[in-house]
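Visitor: Sequence order for the protein chains is A and B.
In this text, residue positions in the first sequence follow the working numbering: the first is 915, and each later residue adds one.
In this text, residue positions in the second sequence follow the working numbering: the first is 6, and each later residue adds one.
Note that these hints are calculated values from the structure, not bench results.
Quick list of in silico lysine-lysine cross-link-like pairs, DSSO-like style, CA-CA up to 30 Å: (1) A:Lys935 <-> A:Lys957; (2) A:Lys1106 <-> A:Lys957; (3) A:Lys957 <-> B:Lys7; (4) A:Lys935 <-> B:Lys7.
Facing chain A, from chain B, some residues (calculated, C-beta under 10 Å): (5) Arg13; (6) Leu15; (7) Ala17; (8) Asp18; (9) Ser19; (10) Thr21; (11) Pro23; (12) Met24; (13) Leu26; (14) Ala29; (15) Lys87; (16) Asp91; (17) Gly156; (18) Ala157; (19) Trp217.
Computed Cβ-Cβ distance ranges for the label pairs, DEER-style: (20) A:Gly947 <-> B:Leu56: 47 to 53 Å; (21) B:Ala47 <-> A:Leu1021: 45 to 51 Å; (22) A:Gly1090 <-> B:Arg213: 29 to 35 Å.
Remember, predicted model here, so these are calculated numbers, not experimental data.
Ideal Cβ placement from N, Cα and C applies to all residues, glycine included.
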Amino acid sequence: MRAAWSESKDGTFVSGGEQEKQWALLMRAGNAGDGESYRRLLKQVTPVLRAAARRGLASAGMADTDAEDVVQETLLAIHLKRQSWDEEAPFGPWLRAIARHKMIDALRRRGRGVSVSIDAFTEVLADGGGEPDMLVDDVGRHLDDLPPGQRTIVRAIAVDGASIGEAAARFSMTNGAVRVALHRGLAALARKFREEQP
Amino acid sequence: MKTDDLIRALAADSATRPMSLPRAFLAAMIPGAAIAFGLYLAVLGPRPHLLGLLAEPRFLFKVCLTLLLFSLSERLVMRLAKPGTDSHSAALMVLIVPLLLVAGIAAELLLVPVDLWGQRLIGTNALHCLKSIPSLGLAPLAAILWFLRQGAPENPGRAGAAAGLLAGAMGAALYATHCPDDSPLFVAVWYTLAIAFLSALGAVMGRRLLRW
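Isolated chain A, as found in the complex (with noise of 0.2 Å):
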């Protein structure tokens, strides 16, 4: 997993103590309430987890259309576990950890489950780089599941783009009760996926 921490997005070359630091701070500011530090965090986390999830998938010999999904997982435990996170610790493994965690987690939950020749996804594979579209999207799956107060807030905030006082305002609900349906679902969405499991 090492390699996939030494390049940033654009490409240019960044070592891999630099990118941890900076990750650091990003989650430093975020956890002292800078929202839009903390949004920054998780995009530049996204392409290294979903190379990681890759390479992970693949070397099981498991077809990496379910990355999306392992990114996807691995985003909501990041950031449901991220008081786990020590301030004054190095940030690097703590993600490594989580990441690490969260693949054998989806191995473990696909071994027994379904099985799909990777000789179908070699262009897939191939393909790399940015968001593949998802075969099976397993969050907006269980977000169907979702009970409906939490499913509207979700999915007003994620996909309409709305923010806590919009979503607020438009559902005649208070800003502290969108706060708590969101965070809720969000929680809910990580059960789903555990229950899942066989």
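Assemble the complex: chain A is given as a structure, and chain B must be docked to it using the hints.
Guide: Leaving out everything else, chain B in the frame of chain A:
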């Protein structure tokens, strides 16, 4: 759902701050320890002349050993809650406790005549010890498992076992001030069995409860 959409939702949720791990630890341990202590006062209670016993080397050794196990396993639990943190050295440090116990056993065997060994080992309260330490440790175990759920243990079974160790140390520290059997021989057999039981229970529960 697109990954960018998910990121937008996660960023919008960042204002909802989860409890920091040190705070979560206190939030778990205060009620957990209070329940254990209440149970101790209600059912067991301290030995008579407890403070005077502090001059007794065997009593002091027994109590200090449980407190040492408490602080070392607390350190281990904290590390296991954080992914990407090396916990091997913390796990090795816990081994100091059995090493000290072996030294205590050696001293006891040198000081006590052979025909009293069996009596010291069986003590007067063996079964009581086996029941009391796990009972006192149950509420702390639940509390520590709840705390670990606020973290992200990479290995749920191992984290659960460490939680059982810490809960066992709390139960043992309380029980040590009640039980009249102070011999290291007694401690080595019955305390160890009771704490091992809690640790095994913690491992089993951890595997079920600590997945994330």
